[in-house]
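Read off the chains here:
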Amino acid sequence: MKIIQQLLTQLPKNIILTGEENTRPFECDGLSVYRQKPLAVVLPQSVEQIKQVLKICKAHNTPVVTRGAGTGLSGGAMPLEESVVLGLSKLNKIKSIDEKRCLAVLEPGVRNIAISEAVAEFGLYYAPDPSSQIACTIGGNVAENSGGVHCLKYGLTVHNVEAVKMLTIDGEELILSRQDEGLGLLALMNGSEGLLGIVTEVTVKLTPIPELARVVMAGFDSVRDCANAVADIIEAGIIPAGLEMMDSFAIEAAEGFANVGYPLDAQALLLCELDGTKAQVQAELESVLKVLSGASSLKVSESEKERLNLWKGRKSAFPAVGRLSPDYYCMDGTIPRRHLADMLEKINELSQKYQLRVANVFHAGDGNLHPLILYDANVAGELEKTEEFGTEILKLSVDMGGTITGEHGVGVEKLNAMCHQFNSKELEVFHEIKAVFDPQSLLNPGKAVPELHRCAELGAMHVHHGKLPHPELERF
Amino acid sequence: MKNPIDARIQQLQTLVKGSSNLHINSALLDYSGIVEYYAQELVMTVKAGTPISEIKKQLKKNNQALSFYTDNDDMSIGAVYANGAQDISDSVLGVQIINGTGVLLNFGGQVIKNVAGYDVARLLVGSKGQLAMVTQISFKVMPDTYVGKLNAAVKLENKSVLRTEIENKLKQVFDPRGVFQ
Chain A
1 MKIIQQLLTQ
11 LPKNIILTGE
21 ENTRPFECDG
31 LSVYRQKPLA
41 VVLPQSVEQI
51 KQVLKICKAH
61 NTPVVTRGAG
71 TGLSGGAMPL
81 EESVVLGLSK
91 LNKIKSIDEK
101 RCLAVLEPGV
111 RNIAISEAVA
121 EFGLYYAPDP
131 SSQIACTIGG
141 NVAENSGGVH
151 CLKYGLTVHN
161 VEAVKMLTID
171 GEELILSRQD
181 EGLGLLALMN
191 GSEGLLGIVT
201 EVTVKLTPIP
211 ELARVVMAGF
221 DSVRDCANAV
231 ADIIEAGIIP
241 AGLEMMDSFA
251 IEAAEGFANV
261 GYPLDAQALL
271 LCELDGTKAQ
281 VQAELESVLK
291 VLSGASSLKV
301 SESEKERLNL
311 WKGRKSAFPA
321 VGRLSPDYYC
331 MDGTIPRRHL
341 ADMLEKINEL
351 SQKYQLRVAN
361 VFHAGDGNLH
371 PLILYDANVA
381 GELEKTEEFG
391 TEILKLSVDM
401 GGTITGEHGV
411 GVEKLNAMCH
421 QFNSKELEVF
431 HEIKAVFDPQ
441 SLLNPGKAVP
451 ELHRCAELGA
461 MHVHHGKLPH
471 PELERF
Chain B
1 MKNPIDARIQ
11 QLQTLVKGSS
21 NLHINSALLD
31 YSGIVEYYAQ
41 ELVMTVKAGT
51 PISEIKKQLK
61 KNNQALSFYT
71 DNDDMSIGAV
81 YANGAQDISD
91 SVLGVQIING
101 TGVLLNFGGQ
111 VIKNVAGYDV
121 ARLLVGSKGQ
131 LAMVTQISFK
141 VMPDTYVGKL
151 NAAVKLENKS
161 VLRTEIENKL
171 KQVFDPRGVF
181 Q
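Sequence order for the protein chains is A and B. Per the numbering used here, the very first residue in the first sequence carries number 1; after that it's consecutive. Per the numbering used here, the very first residue in the second sequence carries number 1; after that it's consecutive.
Calculated directly from the structure, the hints in this document are not laboratory data. Note that this is a predicted model, so its numbers are computed, not measured. A couple of the hints might just be wrong.
Mimicking DSSO-like on lysine-lysine, the simulated pairs with C-alpha atoms at most 30 Å apart in a straight line are [unchecked claim]:
#1 B:K159 to A:K55
#2 A:K51 to A:K205
#3 B:K149 to A:K100
#4 B:K169 to A:K51
#5 A:K165 to A:K434
#6 A:K165 to B:K128
#7 A:K95 to B:K155
#8 A:K205 to A:K315
#9 B:K60 to A:K290
#10 B:K17 to A:K425
#11 A:K290 to B:K56
#12 A:K58 to B:K171
#13 A:K312 to A:K205
#14 B:K149 to A:K205
#15 A:K93 to B:K159
#16 B:K155 to A:K100
#17 B:K171 to A:K55
#18 A:K100 to B:K159
#19 B:K155 to A:K165
#20 B:K61 to A:K278
#21 B:K128 to A:K205
#22 A:K315 to A:K278
#23 B:K159 to A:K58
Let the sequences and hints guide you as you build the complete structure.
Following this line, the structure appears as structure tokens:
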């Protein structure tokens with residue numbers, strides 16, 4: 001192919017992968033049910049090389065799919081047919097650390113955990129901690145506006161990024177910082193899923209490592225009591241560093257895997273982490289224990305070892321569930337916290353309806369739900385049934401005043417669900433914003449925002465509050 | 001944010017549709033009040049003309065506070081948003097707007113984690129009423145004990161040619177007729 005020839009002649013050959021065998025590792029991201037091999041994968045080692053790739057792709061009208069570590073969970077980095085994957089994992093240098101101003105300047109391929117490791121000697125860390133943090137890159141974090149367990153207190157990626165340097169599809173550099181006068185372009189770049197530009201440098205804010213962190217583990221006889229406890233903790237004026245909830249199936253799976261002493265008789269489990277100075281933690285702990293007095297079991301970590309042990313179960317929940325089922329599908333809706341108990345009940349009803357088991361793992365503090373639907377892809381029709389189940393959960397999330405995705409992104413996976421959350425006029429605005437940055441639609445096209453006809457076709461079956469969605473569009 | 005559309009919103013839509021030149025301010029909006037506030041959600045949704053003083057009064061009842069700097073509590077939340085910078089942006093979760101052709105649109109929402117669609121609610125912070133008429137805003141609040149000393153945001157004025165070009169094109173997206181002056 002002409003474009004591959006041109007890439008090979010204008011760039012070092014050792015950064016270009018072509019052919020079935022070499023491109024296979026890049027055919028999907030963390031959502032492996034969607035796969036597609038690209039024309040070629042380029043792994044640039046400098047910003048100049050990225051510019052070169054963009055120039056060639058633009059000239060050949062070839063889509064560019066930017067990729068960090070490929071750990072995303074919505075197919076955002078899945079290659080498109082006839083596309084070039086731009087993998088930025090080799091650009092992994094920490095350019096500078098300013099411990100006095102609590103800032104670090106990074107290349108886009110720096111791994112999330114590597115930031116915290118590099119600044120630990122100054123008593124600092126990088127707060128957002130998606131569960132893929134040992135592998136995922138800061139560039140990917142910006143693209144997805146990644147979250148983690150500590151968002152309620154320490155914010156998402158957008159709250160912890162000071163500045164980015166990015167390239168437009170034309171190869172022009174745009175520097176965006178928190179201090180800019182004008183529109184919120186920096187915020188716009190966070191979570192834009194590789195559709196607006198290529199992030200080439202990120203300046204992040206670093207946070208002092210708290211003096212002390214302790215975790216309270218509380219078991220409950222009912223899911224509703226546990227959900228109410230979440231609201232009560234916040235209402236008592238406490239912002240925990242982490243506030244996680246698991247249902248009985250998830251508890252059982254995690255305990256069977258990690259063996260950390262979770263109460264197997266509990267219907268729901270709450271993990272509440274408090275951090276700060278010793279005095280702060282002590283004061284918050286007293287309030288939290290008062291709020292949690294109705295729990296069926298209570299345990300407070302007495303050492304750092306014990307704290308990490310209690311988290312180990314939660315952090316291994318996904319692989320633990322993976323052990324119980326050939327496949328599982330992870331949802332990512334967010335709802336206002338006050339609907340947590342109702343949502344869990346609905347999910348259980350749906351689980352009966354579809355005859356598929358669900359383990360519920362929630363970032364309860366920020367209402368972000370990760371129900372894991374267990375299925376077997378080798379059973380004909382089971383994946384489709386699972387997706388239908390998932391779509392019902394996402395629609396419920398929107399109807400409760402929440403969103404279809406809290407931190408995993410839309411990618412290719414949630415395009416249909418987007419039609420439920422936004423009307424055609426709103427989707428049009430998204431398409432027009434993309435066109436401002438990328439008029440030829442070459443950067444990760446077709447991801448994140450559904451085409452209007454897709455929604456119209458779906459919507460024909462779905463009448464919301466007696467009103468037909470997208471009434472202005474023709475229906476086929 | 002998908003509350004039933006009230007009569008005032010419909011009037012404002014008609015006003016925008018029928019105008020060629022509008023300067024948005026609280027008096028023109030005439031749209032004020034708290035739409036939804038659950039203390040345990042740490043989220044408040046208000047009509048854009050609501051004065052900061054009113055918001056602070058409600059929050060205080062629950063020992064909660066805004067986590068961005070405001071120097072004049074007589075100002076409306078809409079004005080603070082329109083003139084704002086990154087500090088208020090960090091608290092913003094969602095907006096309801098009327099665009100330059102009079103269409104009512106919702107972006108973001110009332111939950112802290114939300115990555116569906118581009119972050120238009122934060123994009124329009126600092127838009128100075130030039131892109132859209134912001135009618136309703138949802139933002140995160142905090143228990144007052146967690147809000148430290150707040151300072152005015154530092155802003156750097158110099159814009160690159162490319163940035164200016166992008167901002168002009170974004171104005172076209174939201175206000176193609178150039179109604180908002």
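Status of each hint after checking the structure:
no. : hint             : in the structure
1   : B:K159 to A:K55  : holds (25 Å)
2   : A:K51 to A:K205  : holds (27 Å)
3   : B:K149 to A:K100 : holds (19 Å)
4   : B:K169 to A:K51  : holds (23 Å)
5   : A:K165 to A:K434 : holds (18 Å)
6   : A:K165 to B:K128 : holds (25 Å)
7   : A:K95 to B:K155  : holds (25 Å)
8   : A:K205 to A:K315 : holds (25 Å)
9   : B:K60 to A:K290  : holds (23 Å)
10  : B:K17 to A:K425  : holds (16 Å)
11  : A:K290 to B:K56  : holds (28 Å)
12  : A:K58 to B:K171  : holds (26 Å)
13  : A:K312 to A:K205 : holds (27 Å)
14  : B:K149 to A:K205 : holds (18 Å)
15  : A:K93 to B:K159  : holds (28 Å)
16  : B:K155 to A:K100 : holds (21 Å)
17  : B:K171 to A:K55  : holds (28 Å)
18  : A:K100 to B:K159 : holds (28 Å)
19  : B:K155 to A:K165 : holds (18 Å)
20  : B:K61 to A:K278  : holds (29 Å)
21  : B:K128 to A:K205 : holds (27 Å)
22  : A:K315 to A:K278 : holds (25 Å)
23  : B:K159 to A:K58  : holds (27 Å)
No hint from the list above goes unmet by this structure.
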